[in-house]
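Colleague: Sequence:
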Amino acid sequence: MGEFNIIFRGVRGSYPVAKKEFLNYGGNTSCVEVNVGGHLIILDAGTGLIDTGNALLEKYITSGVSNPDRTPMKAIVLISHIHQDHIQGFTFFRPLHIPSTTIKVYGNANYDESLSDELANILFGKSFPLDLGDIAGNLEISDLNESEGIIIKKNSEIIIKRIETLEDEKIGKDDVLITYYRSYAHPQEGVLIYKIKYKDKVMVYATDKESYQGGDAKLTNFARNCDLLIHDAQYTTEDYLNKFVPKQGYGHSTFDMAVECAKQANAKNLIFFHFDPAYDDKKLNSIKKQYETENIRLAYEGMEVELL
Numbered sequence: 001m002g003e004f005n006i007i008f009r010g011v012r013g014s015y016p017v018a019k020k021e022f023l024n025y026g027g028n029t030s031c032v033e034v035n036v037g038g039h040l041i042i043l044d045a046g047t048g049l050i051d052t053g054n055a056l057l058e059k060y061i062t063s064g065v066s067n068p069d070r071t072p073m074k075a076i077v078l079i080s081h082i083h084q085d086h087i088q089g090f091t092f093f094r095p096l097h098i099p100s101t102t103i104k105v106y107g108n109a110n111y112d113e114s115l116s117d118e119l120a121n122i123l124f125g126k127s128f129p130l131d132l133g134d135i136a137g138n139l140e141i142s143d144l145n146e147s148e149g150i151i152i153k154k155n156s157e158i159i160i161k162r163i164e165t166l167e168d169e170k171i172g173k174d175d176v177l178i179t180y181y182r183s184y185a186h187p188q189e190g191v192l193i194y195k196i197k198y199k200d201k202v203m204v205y206a207t208d209k210e211s212y213q214g215g216d217a218k219l220t221n222f223a224r225n226c227d228l229l230i231h232d233a234q235y236t237t238e239d240y241l242n243k244f245v246p247k248q249g250y251g252h253s254t255f256d257m258a259v260e261c262a263k264q265a266n267a268k269n270l271i272f273f274h275f276d277p278a279y280d281d282k283k284l285n286s287i288k289k290q291y292e293t294e295n296i297r298l299a300y301e302g303m304e305v306e307l308l
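Residue numbers (our numbering): 1 to 308.
Hints listed in this document are in silico derivations from the structure and should not be mistaken for laboratory results. Some hints could be false.
As the list claims (entries may be wrong) - Straight-line alpha carbon distances no greater than 27 Å define the calculated DSSO-like cross-link-like pairs of lysine-lysine that follow: (1) K20 with K283; (2) K153 with K126; (3) K268 with K195; (4) K170 with K201; (5) K161 with K218.
As the list claims (entries may be wrong) - Derived DEER-like restraints, expressed as beta-carbon distance ranges: (6) V245 with I171: 46 to 56 Å; (7) P246 with S114: 19 to 29 Å; (8) E238 with E157: 47 to 57 Å; (9) L308 with I163: 23 to 33 Å; (10) D134 with K283: 21 to 31 Å.
Positions of the beta carbon are idealized from the N, C-alpha and C atoms, including for glycine.
Input sequences plus hints: build the corresponding full structure.
Modeller: Shown next as structure tokens:
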């Protein structure tokens, strides 16, 4: 595995699907695993997170003959927003239930509730046998301020500072820089768009956002010249404009919108993501024939991309 490796664990939107017609692209909801600079960063916690957890647990078990000898599991989870398809794998993330595990979760639910309170209310208590406080691992949940950025140092130290003061912090060549902003092109509280930079490579994760007429200038500027743009592509243009059940205002883009964003941002590579759960392999294969090029691809479960 390279220094900047991306694995797609879940590529669906809305809800998971488990049918034979969906095997090629997968039926799990949003989760992208980023192994960068020796750190594990997980983008969203849909049902794809369960596979990430199982893979981590397997490595943990084989790293030593007993728990004291094993290498503890560590990860940073970045939540784009708290709709079910982006958090529903969290309670079944098995590393959380190992005492030596350290998981740091970052995101922002809304301006009135903390992310920790929201996750506790939605995922635990009445909807799960455990409360959030019963988790055995070392779990930290923190709210992000849109004006801040995150630096992950080589020694795993995490520094969160305001954007304008990030330059005051020495960003070493082996450090990972994470920046983000809130897009309001998704109901109801918007969504965080993330950018991960390591050495001279940059990826942008822009799920659950709808485009605007003429494009999304804020996203275009944020993703300018990135090496990889992972962009929401839930609908075909025909479905989006369907006169009987139009999808305008649902907070999702079309494949055409994603292509236009990549062009305007001069992104080197584009990967379509967050497919409608009604789109089976046959449907996605037809879309693949229409859009896929050397630099434009459809995400599928298990897909790996190396930026470095």
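Colleague: All the hints need checking, so say for each whether the structure fits it.
Modeller: Quick rundown of the hints versus the structure:
no.	hint	verdict
1	K20 with K283	holds (14 Å)
2	K153 with K126	violated (38 Å)
3	K268 with K195	holds (15 Å)
4	K170 with K201	holds (18 Å)
5	K161 with K218	holds (21 Å)
6	V245 with I171: 46 to 56 Å	holds (47 Å)
7	P246 with S114: 19 to 29 Å	violated (35 Å)
8	E238 with E157: 47 to 57 Å	holds (49 Å)
9	L308 with I163: 23 to 33 Å	holds (24 Å)
10	D134 with K283: 21 to 31 Å	violated (41 Å)
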